[in-house]
Amino acid sequence: MIKCPNCAGEVQFNPKLQQVECKYCGSLFSPEELSEKLKAVSEKAVNDSYEGKTYTCSQCGATLMTFDDTAITFCSYCGSQAMLEDKMLRINNPDFIIPFQKTKEECVEAYKQKVSKFLFAPNDMKESFVVDKFRGIYMPYVIYDLKKDGVTRNLGSKYAYRRGDYVYYHDYQIVADVDISYEGISYDLVSKFYDNYSTAIPFRYQDAITFRPGYLAGYYADALDVNETVYVDTAMKVIAPDVGERLKHRKEFRKFGCQNPKVLFQNEQKIGMFPVYFLAIRDKNNQKVSYAVVNGQTGKVAVDLPIDFRKYIFGSLLLSVVIFLLIQSFLVLTPASITAFSIITALLSLVISIHQNKKIDIRQHHKDDKGVIDVLRREYIRKRKESLLPDTGLTKEQKLSAQLEKKNQRKRKLKFLYKEILAIIIPLVILFSNLASDLYYYGAAIISLLLVILSFYDLVREHNLLVSNPLPQFEKRGGDENG
Amino acid sequence: MAKRISGVLFVLLLTFCAFSNVYADSYEYTNEDTGFVLSIMDDAALLSEKDLDHLISDMLPLTEYGNIVFKSITNNATSTANFAREYYHNQYGTASGSLLLMDMYHRIIYLFSDGNNYATITSSKANIITDNIYTYATRGDYYTCASSAFQQMNTLLAGGKIMEPMRYIGSVLVAIVTGFLVNFIIIMIHSRIRSAKAEEMIKNCKIKFQIRSVTAEKIGEHRVYSPQSSDSGSSYSSSGGHFSGGGHSSGGGHSGGGGGHRF
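Quick note, the sequences are listed as chains A and Y, same order. Under my numbering, the residue at position 196 of the first sequence is numbered 196, and the numbers go up by one with no gaps. Under my numbering, the residue at position 26 of the second sequence is numbered 509, and the numbers go up by one with no gaps.
What the hints contain is simulated information worked out from the structure, not anything from laboratory work. Heads up, the beta-carbon is just placed ideally off N, CA and C, and yes, glycines get one too. One or more hints might be untrue.
To be verified - Listed below are the simulated EDC-like cross-link pairs for lysine to aspartate or glutamate, each with C-alpha atoms no more than 20 Å apart in a straight line: (1) Lys300/A x Glu683/Y; (2) Lys300/A x Glu682/Y; (3) Lys255/A x Glu704/Y; (4) Lys689/Y x Glu245/A; (5) Lys367/A x Glu462/A; (6) Lys691/Y x Asp179/A; (7) Lys262/A x Asp614/Y; (8) Lys311/A x Glu127/A; (9) Lys686/Y x Glu245/A; (10) Lys689/Y x Asp145/A; (11) Lys680/Y x Asp145/A; (12) Lys686/Y x Asp177/A; (13) Lys680/Y x Glu245/A; (14) Lys686/Y x Glu462/A; (15) Lys691/Y x Asp242/A; (16) Lys248/A x Glu700/Y; (17) Lys237/A x Glu682/Y; (18) Lys3/A x Glu51/A; (19) Lys147/A x Glu682/Y; (20) Lys689/Y x Asp242/A; (21) Lys158/A x Glu704/Y; (22) Lys689/Y x Glu183/A; (23) Lys701/Y x Asp145/A; (24) Lys689/Y x Asp95/A; (25) Lys689/Y x Asp207/A.
Unchecked claim - The calculated label-pair distances, taken between Cβ atoms and stated as ranges, are: (26) Asn599/Y x His355/A: 51 to 57 Å; (27) Lys701/Y x Lys359/A: 45 to 51 Å; (28) Lys359/A x Lys689/Y: 23 to 29 Å; (29) Tyr168/A x Thr698/Y: 34 to 40 Å; (30) Asn599/Y x Asn123/A: 15 to 21 Å.
Stated by the list, open to error - Listed next, the stretches of chain Y that the computed footprint assigns to chain A, with coverage defined by at least 3 CB atoms under 8 Å from CB atoms of chain A: (31) 547-557; (32) 603-617; (33) 646-658; (34) 667-676; (35) 680-688.
When you get a sec, could you build the whole thing from the sequences and use the hints?
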C-alpha cells in the first residue's frame, strides 16, 4: 500500500502537478522520491514490485487493484455492485508507465462534449450520477519494440528487352544494411478491456517513463490476463506499409523494380501501465452494457452511442418536413419514380441490416478480439488438460442447445428481414406488370415505403445491439501475477 | 361577375360560330384580340358533335394565353412526344400554346406546350395533368378526359393550383423515408468507435530508420509470355452505350416540352 512517508496518510497522484500529494498533511513528493522514502521507511518494500488490495467482481470475475484504503464499491466492467475484497497482491513492476495527465474533471468534460454532439444519445448517458462513475484505471499494455539491425534482402525485377512473344526481365537482389526500430506499438493485455475500445484511444509512447509505484496512488489498476505475444503479428502489419514506403524512398529499390520491400523484424516486448478513464453503463433491462473510455494521457474519447428511439423518430420527422418542402419545390415525383425509390430504400435497408447483423455476431462473440480469443483458448486448453471437457469442449446437451441457438438465430434474421424483402418484391411485381393505372404504383409504393419505415425500428434496435456488449459473465481469470 | 364572364363567353362562342370553319371532325377559330388559334383535329373520331361543342367552350378561355389544340390520331410511326412536338411546330412554329394529343395507336395522352404556356405548364405540370385525367381515357370517356385537361390548364395559366392528392401522399412518404434514412446514415458514420489508423499508431512510436547502404546484384532473368498483338492498340477503348437526352431545346431562347400518360 502506498502511504505518506511523513504521516502515513492516504496519498494521491496529482495529474496537474505530476506529483504525489498527501491528502492529510499536504506533502508533495515526486514518484521517484516517494519510492526512495518508502524504501527507507519499510523494510518490506521490494524494489521491483508493488503491492495492492484486490477486489473481485462476483458477477463477471473482473479484478481491480487499489493502492489505498478506499473500498471498490462497483465493477468497472459490468457495473455490478457486488465487489468482494480479495487479498493483498504483490505484482512485479512493469517497465514503463504513462502517468495520468488528465484529471477526472477534464475526462468528464471531454466525454460530455462528445456525447452532446450526438443528438440521439439517451439522456441517461449525460446524467451526472452516471458520469461520476468514471474511474481512472492503469491498464497493462504490451509495448513492442520491433527491430532490425543488419542486412535485409529483397527481390526486384526490371524490364530488359522483348524477344518475339516474350518479354524478358532481369531479376535483382537488393541488399540493404539497415538499422531500423519501431518502439512503442502497444496493445492492452486485459481481456475485459475489449480491443475495439483500447485501439480507439492510442497512447503517445514518447511520454512513457520508468515505472514508479507512486504514480498509482489514488488510482486503480488491472492485472494482465492476455499473453504478451498475441499482438506481435498485428503490430508487424501496422508498421509494414510504413517500412515499405520509407525503403522505397531509396532510389535503388525503385530502380531495380522492388515494388513491396519488406523487412523481417525481431521483437522485444515490455510492459507498461497506461492511464484510462473507464465507464460502464448498463441498459434499462440490465442485459447489456455500453462502455465509454477516455485516454488519461491525451483526453481522446471512445464511447458507445446507442440511439434513443423517440429522439430518432422526432429528429427524422423534423428532417422529413424539410425534405418534403424541397421535393415540393424542386421535384415532381411520378408514381413510377416513387415506386423505384421505395425499392432502392428497401434494398439499402436490407444491405444495412445484413451488414449490422454480421457485425453484431462478430462483436457479441468478440470474434475480432485477439485478447479475448487468447484467454478463451487458454481456458479451453486448461479445462481439456483437467479432463473437464470432452473432445469438442461441449457436453451433449450443450451441443444440442448450440445447434438450436444457431437455428433460432437464422429464424430471427429472416424474421427481421421479411419487411425489407416484401418492400422490394411488391413494387418490383407492379413495375414489371407494366400496369397503366397509377393506383397500382401508388399502392405498391405506399406499402413498400411503410414497410421500409417499419424496418428502421429494426435497424435502430440492431444498432443499439452493435454498440453494446453482453454483460460479462463470471469466469475466473488467469491473471499473471508476475506481470 | 360569373354571369358577366358567362355572357362574354357566350358572345365569344357566337362569334366563333359565325367566323369559324366547321367540319365533321375538325374546328378552327382565331381569337382576334390575341391572334391565338383554337384547333380541334379529332382524326380518331373520339368526340361526338355535342362533345365538340362543349369542348370548344372549355378551350376558348385558353386562347387568351396561346394557341390551344386538341388532336387525336390512330396511326403514329414515331413516338407520341415526337409527334406532338413536330405537329405543333409545323402548325404554329414556336408561338406560345399547348397541344393535347390523344394517341390511340400507342394509347398515350400527351400534353405539349411551348413559349409562354410552357413557362406555366412545364413538363412536370403536364405530367400531373395527364396523371389526373388518364383514367377517363381508360374508361373511354374522351370528352371528360380532354375537358378536364383544359380546365386544369386554364386553372394553372390563371395562376391557380391543381389538386394532386396521391402525389402529396407519395411525397410525404418519400420525405419520411429519406429523413429516417439520412439520419440513420449520419448515426452510422458518427456513433461507432473506430480503431486508430496505422499512421496514428506509428506517429506515437519512437522510430529509428537508418539505411547504411543499399546494393543491387543481378541474380538472373525471367521471361513472361506476352504476344505482340495484344500490346499494340490497347489504348483504344469506347464506351458501350449511347443515349440522347429526352429534352428539347432550340436556339433563340426558346424551349418547349410536355408530359404524358398511358391509358
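- request: Check each numbered hint against the structure and report the violated ones by number, ascending.
  value: 7, 12, 14, 23, 28, 29, 30 and 31
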